[in-house]
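Asks: Chains as they are written, first to last, in our numbering: chain A, 1 to 111; chain B, 112 to 220.
The set of hints was computed from the structure by calculation and includes no laboratory data. This structure is a prediction, so every number in the text was calculated from the model and none was measured. Incorrect hints may have been included.
What the hints assert, rightly or not - In silico DSBU-like links for lysine-lysine, alpha-carbon gap of 30 Å or less: (1) A/K65 <-> B/K201; (2) A/K69 <-> B/K201; (3) B/K133 <-> A/K65; (4) B/K120 <-> B/K201; (5) A/K57 <-> B/K168.
Okay, here's what each chain looks like letter by letter:
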Amino acid sequence: EAQVTQNPRYLITVTGKKLTVTCSQNMNHEYMSWYRQDPGLGLRQIYYSMNVEVTDKGDVPEGYKVSRKEKRNFPLILESPSPNQTSLYFCATLAGANVLTFGAGSRLTVL
Amino acid sequence: AQRVTQPEKLLSVFKGAPVELKCNYSYSGSPELFWYVQYSRQRLQLLLRHISRESIKGFTADLNKGETSFHLKKPFAQEEDSAMYYCALKESNTGKLIFGQGTTLQVKP
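Given only the sequences and the hints, what does the whole structure look like? Please build it.
Replies: Here it is in structure tokens:
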């Protein structure tokens, strides 16, 4: 079964405490992407990756890092989280026919 | 600049009423457009693509290049249609998907 798996699904943390949200896909897709979803702002792309070792900034990359050392994993790193990074985060891969497959989402609260 | 606009944050209709969720875009090239849906407590998923010209769950969407619109329509709304709907445009040169702000559809009994 095609899957995009994110962990953790829920996290409450404090300002400045580094955290990583993992994303793993089992479809051997080259393209992966991170979005954040905020009320009234819709989905905004944070970073994306066209292939291993190839990453690019999306629309709202500030405060985030990513890495793509292997095709299946695309972790999102918050080196020093701040309250404005409280959001719902989605990882996605791009399948054939340009269809995005999304993970279940990770709800992050930064106090 | 490429942009997708969904002017309504919330659309509330009664069961059986027609539904139209608006989507307008600005794009200099030939657009490829999508509708994604997010039901409560579920992940985002593709609803339909304009190139497929398909009807999914009774929904259709026609690309109108003259009006730069890709409105989502359904003649008779059902309660299970209640969800958040996102219109998205794919940039042909980067492959990037640009999403609108989303519209919450609420279908009342």
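Asks: If a hint holds in the structure, say so; if it does not, say that too.
Replies: These are the hints, each one checked on the structure:
1. A/K65 <-> B/K201: At roughly 24 Å apart (the allowed maximum being 30 Å), B/K201 and A/K65 satisfy the hint.
2. A/K69 <-> B/K201: holds (26 Å)
3. B/K133 <-> A/K65: Judged against 30 Å, a Cα distance of about 34 Å means the pair is violated.
4. B/K120 <-> B/K201: holds (22 Å)
5. A/K57 <-> B/K168: violated (35 Å)
Figure legend: structure checked against the earlier numbered hints; hints not met, in rising order: 3, 5.
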